[in-house]
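Number of protein chains: 2
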Amino acid sequence: MKVIPHDPGKAEHVSTEGARGVRLTSLISENEGADNFAMRLFDVEPGGHTPLHEHAWEHEVFIVSGSGELRGKTVMPFAAGDAVFVEPGEVHQFANTGAEVLRFICCVPMIQE
Amino acid sequence: MKVIPHDPGKAEHVSTEGARGVRLTSLISENEGADNFAMRLFDVEPGGHTPLHEHAWEHEVFIVSGSGELRGKTVMPFAAGDAVFVEPGEVHQFANTGAEVLRFICCVPMIQE
Chain U
8 MKVIPHDPGK
18 AEHVSTEGAR
28 GVRLTSLISE
38 NEGADNFAMR
48 LFDVEPGGHT
58 PLHEHAWEHE
68 VFIVSGSGEL
78 RGKTVMPFAA
88 GDAVFVEPGE
98 VHQFANTGAE
108 VLRFICCVPM
118 IQE
Chain F
8 MKVIPHDPGK
18 AEHVSTEGAR
28 GVRLTSLISE
38 NEGADNFAMR
48 LFDVEPGGHT
58 PLHEHAWEHE
68 VFIVSGSGEL
78 RGKTVMPFAA
88 GDAVFVEPGE
98 VHQFANTGAE
108 VLRFICCVPM
118 IQE
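Quick mapping for you: the protein sequence lines, in order, are chains U and F.
Residue numbering for the first sequence follows my numbering, beginning at 8 and increasing consecutively.
Residue numbering for the second sequence follows my numbering, beginning at 8 and increasing consecutively.
No wet-lab data here; the hints were simulated from the structure.
C-beta atoms are modelled at their ideal positions from N, C-alpha and C, and glycine is treated no differently.
You may find that some hints are simply not true.
Partial chain F-side listing against chain U, Cβ under 8 Å, derived [claimed, not checked]:
#, residue
1, Pro-12
2, Glu-61
3, His-62
4, Glu-65
5, Val-93
6, Cys-114
Some chain U residues well away from chain F (every beta-carbon gap over 12 Å; in silico) [claimed, not checked]:
#, residue
7, Glu-52
8, Gly-105
9, Glu-107
So that you can see chain U by itself, here it is in the shape it has in the complex (with noise of 0.2 Å):
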């Protein structure tokens, strides 16, 4: 068992196409020995947004600070403290529509790669 601790400086630019003041930080994956899936952490400046993407891997999400919208064939609004499910193959997008800077964890199977 280990303690991965906080650390900014391990955050990476998400430059993805469509992705606006993103960056990501990877706590859990095969690098510490998860087989089954990984666990990722996201931040999002003010005005700043995820892909409006699809993908064949679900996402299981929970907010820790900030708020924002999930958006795809509906809008709906997020806040601290919330969980979000985005299903296999569902259009959607993480957009920060507050102040502060939206932060939340995203964990995906290992099933994608």
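For this one, chain U is given, so just place chain F on it according to the hints.
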């Protein structure tokens, strides 16, 4: 896709032997359509702890607020913003050694069921 709103009323007291002052809220499970892994929220009161136990599946944890100790073969402190990875078969316990409620996200594979 769906937003699962924060709802303190959904928290359930954990009565497992060895647990003290622990409440569990299921956030994402098969009920939400998840097939691969589940996301749960834990609240541990000051002085409280999860059972000291082991099992055949891993834990992927993110500390939302508060601080404490990861106890097993060794003892490791953790605080808000840290992640914790417990491999299958490792003895482990999450203890709240701080003055405020310890809140963490814990994801587990469905394989356990």
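Results of checking the hints against the structure:
1. Pro-12: Holds, about 5 Å.
2. Glu-61: Constraint on Glu-61 (chain F) not satisfied, violated at 10 Å.
3. His-62: violated (13 Å)
4. Glu-65: holds (7 Å)
5. Val-93: At about 4 Å, which falls below the 8 Å cut-off, the nearest Cβ of chain U leaves the hint on Val-93 (chain F) intact, so it holds.
6. Cys-114: Holds, about 5 Å.
7. Glu-52: Since the minimum Cβ distance to chain F is about 18 Å, Glu-52 (chain U) lies beyond 12 Å and the statement holds.
8. Gly-105: holds (15 Å)
9. Glu-107: holds (16 Å)
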